[in-house]
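> Chains C, V and A are the protein sequences, given in the same order. For what it's worth, our numbering labels the leading residue of the first sequence as 1, then goes sequentially. For what it's worth, our numbering labels the leading residue of the second sequence as 1001, then goes sequentially. For what it's worth, our numbering labels the leading residue of the third sequence as 2001, then goes sequentially.
Hints were generated in silico from the structure; no laboratory data involved. All residues carry an ideal CB built from backbone N, CA and C; glycine is no exception. Misleading hints may appear alongside valid ones.
[Said to hold, decoys possible] On the chain A side, residues computed to face chain C include the following (Cβ under 7 Å):
hint	residue
1	R2047
2	I2166
3	G2193
4	S2200
[Said to hold, decoys possible] Calculated Cβ distances over 12 Å to all of chain C for the following chain V residues:
hint	residue
5	T1029
6	G1141
7	W1144
8	D1184
[To be verified] Here are the computed lysine-lysine pairs in the DSSO-like style, where the Cα-Cα straight-line distance is at most 27 Å:
hint	chain 1	residue 1	chain 2	residue 2
9	C	K228	V	K1125
10	V	K1126	V	K1145
11	V	K1145	V	K1132
12	V	K1146	C	K130
13	V	K1139	V	K1125
14	V	K1145	C	K228
15	V	K1239	C	K130
16	A	K2022	C	K130
17	V	K1126	V	K1139
18	C	K130	C	K57
19	V	K1126	V	K1146
20	A	K2213	C	K130
21	A	K2022	C	K57
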Amino acid sequence: MDGVIGFFADLGPNLQLLLDRSPQIIEGVRVTVLATVLGALLALLIAFVFGIAQLSKAAVVRWVARIFVEFFRGTSLVVQLFWLFFVLPQLPYPLGFRLDPLLVAVLALGLNYGAYAAEVVRGSINSVPKGQYEALSALSISPARGMVRVIIPQAWALMIPSLSNLWIQLLKGSAIVGSITLYDLFFQVEQVRDRTGTWFAYLFALLAYFLIAWVIVVIMNALEVRAKHSIGRGPALREAWRSLFRPPGGKTAEGGLA
Amino acid sequence: MPENTPHLEFRDVTKSFGDNTVLNDLNFTVGTGERVTLIGPSGSGKTTILRLVMTLEELTGGYIDLGGNPLQYEERGGRRMRVPDRQRRRTTQQVGMVFQHFNLFPNMTVMENIVEAPIHVMGLKKAEAEAKAEALLDKVGMAWKKDARPSQLSGGQQQRVAIARALAMDPEVLLLDEVTSALDPELVGEVLAVLQDIAAETDISMLIVTHEMQFARDVSDRVMMFDQGSIVEEGEPDKIFSDPSHQRTQDFLRAVL
Amino acid sequence: MSSWWSWEHAIGALPTLLDGFKITLLATVLGTLIALVLGLIVAIIRRSAPSIVSAPVTGVVEFVRMTPLVVQLVFANLVLSPYVDSTLAIGIWVLGIHYTTYMAEVYRAGIDAVPTGQWEAATALSLPRSRTWRAVIVPQAIRNTLPALGNYAISMFKETPFFFVIYIPEMVRNAQTYGGDTFRYTEAITLAGLIFLAASYPTSLLIRRLEKKLA
Chain C
1 MDGVIGFFAD LGPNLQLLLD RSPQIIEGVR VTVLATVLGA LLALLIAFVF GIAQLSKAAV
61 VRWVARIFVE FFRGTSLVVQ LFWLFFVLPQ LPYPLGFRLD PLLVAVLALG LNYGAYAAEV
121 VRGSINSVPK GQYEALSALS ISPARGMVRV IIPQAWALMI PSLSNLWIQL LKGSAIVGSI
181 TLYDLFFQVE QVRDRTGTWF AYLFALLAYF LIAWVIVVIM NALEVRAKHS IGRGPALREA
241 WRSLFRPPGG KTAEGGLA
Chain V
1001 MPENTPHLEF RDVTKSFGDN TVLNDLNFTV GTGERVTLIG PSGSGKTTIL RLVMTLEELT
1061 GGYIDLGGNP LQYEERGGRR MRVPDRQRRR TTQQVGMVFQ HFNLFPNMTV MENIVEAPIH
1121 VMGLKKAEAE AKAEALLDKV GMAWKKDARP SQLSGGQQQR VAIARALAMD PEVLLLDEVT
1181 SALDPELVGE VLAVLQDIAA ETDISMLIVT HEMQFARDVS DRVMMFDQGS IVEEGEPDKI
1241 FSDPSHQRTQ DFLRAVL
Chain A
2001 MSSWWSWEHA IGALPTLLDG FKITLLATVL GTLIALVLGL IVAIIRRSAP SIVSAPVTGV
2061 VEFVRMTPLV VQLVFANLVL SPYVDSTLAI GIWVLGIHYT TYMAEVYRAG IDAVPTGQWE
2121 AATALSLPRS RTWRAVIVPQ AIRNTLPALG NYAISMFKET PFFFVIYIPE MVRNAQTYGG
2181 DTFRYTEAIT LAGLIFLAAS YPTSLLIRRL EKKLA
């Protein structure tokens, strides 16, 4: 049956169908969550390495980091994904291996969004008040130690909102991995589409992704509250838990993934 | 170090920010254990002088020596050469600074703020460093807050902790950059009292920039009046404050006192 | 195959890549226009309309923003293709609406950055609200937001390859197709990536220079 009435009439049977298919759906969710979490961890690592490298005293280190970041920001995620999956196996001897689809997905997501996150890390470290750097200098604390003990803890609180937005972008980007034979949530939902009809299937998919995104938001909000509290600029998590459930705002003002 | 080697020596020091020359061919010395206060209108270069000693700014020209050791640049074979970073850090370890805006590390407790550099720069054991920190905190009257975070302290309390933090490094020279200017008036007194105690009980050389004229009178051995990057007048506090010879000094003191 | 890179194939792939690039460019320009206009409208609604209107708008905007573009593309295409001939048109509209959600946030930040004194002056002069928006607030807000808007346009440019899921022949899909036909993916996909880089990097440098000038 078509149309809005059809949608509601079929709701019952559709939900039943979903329940029958739940092992596959859950498997799809598992794959999406796995790719999203592993991709985010890789991205975070890359962000710190290449974000901090751009602040190095050695010009060569700065340039290499800059080139890396601009390269992975400037080429598109889809290109990177397809390159790793289709082109890598075709390359000559040292490189011609075929990677597992999950690995390809994690690499592409991590490299692409890690490059964007590197800019966030670099910007936050620069935003730490200059007085902190001066105090470190006055106490003769070495730059490395100062970075770890004083600067990064403060920069961390500043960078969380932007990282949160990037993580959600990463989640959204993960929806294309079906095309490299990684059978994620979107893929699994499309499998049931023939039986349930278009509207039910895709609204379900959108809702599922929305819920996962919301979990990410709550986690990052919690991290932000904790970080702000540890530098004395906010209440403890116990008191502020109600604020966790707001969507992230604000920081998109510096402009997306360009 | 022989008796008459100055502790801190400025030789032909020039500092420019782009086109703006703040200090030009400045020469002066500070003796061991001497307390010198720099006074003068804003923009006269007083804070720049402190920042140069702390190597927070680069010398454009000239030399600064600390206890005979070159601070930023030195003469080697007739040429002006940059002192390598590691050597710089060793020399600047003898210098401590207290800032107008305290600059305590917000993610650490008071105790952690104070022991960080002694443990990781001077190589003290944790127990040693903490004992030292407790003694200093006692001195500045903040021992009861040793586990507090800076955000839980008032401005005056934070500044007293900052003083303890600077002293924990056993500096030979202490730079005080308008340390009470950011404080509410009722909190100024407690900080000045602490500084007076330190002046009385140690022989750390001090270079002080302040607007607190009574404090300058009480603590200084010498006062230098600056204007537009040069020393206009210098002498003992009583002389400068009660009977300044130079017109600029008279104008400045009249406006400020 | 002895050689891993064949210039023959590189040149052979180029025409189809450039054809696709035209589509990519078209989609970016039109999508950005849609997002710029709708984004402003949404921002104004969220700021000025009574909450019975702005709350559902916010809800929908957040829902679209936090769900994958790819899912939205496929969904819209399946629902609309009986009625709309051009898949490209559907793709461009979905892309535009998706980015509307970002632009609305950018405008909000830009509007918030206009000093409240401006509002107060307008009230003191008894300017009607619509006039205040049009002549005083919006011009200043746009100035605040130009760099961010530029960055999102570039971002959209790099997300057009998501169109492959609804079979629009933009550049990366054409690269895929070439690879699928000839079993030579290397040249096509690598070139596609380099073309993206060549287009987006200088543009983002320009935006950064613009940002410094406006700061």
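> Hint by hint, note whether the structure agrees.
Hints, one by one, checked against the model:
no.	hint	in the structure
1	R2047	violated (13 Å)
2	I2166	violated (12 Å)
3	G2193	holds (4 Å)
4	S2200	holds (5 Å)
5	T1029	holds (22 Å)
6	G1141	holds (21 Å)
7	W1144	holds (18 Å)
8	D1184	holds (19 Å)
9	K228/C to K1125/V	violated (30 Å)
10	K1126/V to K1145/V	holds (19 Å)
11	K1145/V to K1132/V	holds (15 Å)
12	K1146/V to K130/C	holds (25 Å)
13	K1139/V to K1125/V	holds (21 Å)
14	K1145/V to K228/C	holds (21 Å)
15	K1239/V to K130/C	violated (38 Å)
16	K2022/A to K130/C	violated (47 Å)
17	K1126/V to K1139/V	holds (20 Å)
18	K130/C to K57/C	holds (17 Å)
19	K1126/V to K1146/V	holds (15 Å)
20	K2213/A to K130/C	holds (23 Å)
21	K2022/A to K57/C	violated (42 Å)
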